[in-house]
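All chains should be built: construct the whole structure from the sequences, respecting the hints.
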Amino acid sequence: MATVNQTFRAPGSLKTGKTSANVLRWVRQVHLWLGVFFAPAIIFFAFTGALQTLNLHEAQPGSTYQPPLWIEKLAQLHKKQNLQVRPKRKGPPEPARPEAQARRSGDERLQQPPVPSVSTYLMKWFVLLMSLGLITTSLLGVYMAFQYNRSRRLIWTLLVLGTVVPVLFMR
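Sequential numbering of the sequence shown, starting at 48, is according to this note's numbering.
Hints may contain errors.
As the list claims (entries may be wrong) - Listed next, the in silico DMTMM-like pairs over lysine to aspartate or glutamate satisfying Cα-Cα at most 20 angstroms (straight line):
#1 K171 <-> E105
#2 K127 <-> E105
#3 K126 <-> E105
#4 K120 <-> E105
FYI, nobody ran anything at the bench for these hints, they're computed from the structure.
As structure tokens, this is what we get:
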């Protein structure tokens with residue numbers, strides 16, 4: 048007669064409980080190491096993605112808003128993996144002749160940005176909540192790593208490496 052564990056075992060699962068426990072322990076350990084190592088990057092990209100979702104990284108046509116240089120650089124790092132911010136473009140030169148101005152004013156409706164739909168705003172809110180969720184769960188994961196792991200030195204080492212390695216790649 049089969050025992051309860053054998054009866055309800057998932058197809059393809061390991062045959063012995065001891066081996067299964069060892070594999071699970073190893074998987075949790077690798078998850079912890081990778082999570083702590085990548086936590087700084089996840090937090091960075093979630094934060095910079097939120098800034099871009101709010102369009103804080105670039106000036107909008109017709110607006111007086113000029114993004115701070117630090118936001119522009121973080122957005123550039125997020126999008127292009129470098130800190131080289133492109134120089135600001137000058138607007139189109141004003142036409143010298145009145146007939147060109149009249150022709151241009153007829154095309155004015157084509158130059159205005161479209162009005163965002165409700166679904167666009169809902170998606171922006173979803174992305175902002177997702178960014179906040181990623182930041183929160185990453186911070187909670189790091190907290191848990193310190194609370195439930197014996198080797199604080201290893202956790203600190205992984206956190207520092209996860210911060211320093213990407214910075215070294217930027218050069």
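Report task. State the violated hints by number, sorted upward, taking the hints as numbered earlier in the document. Result -> none
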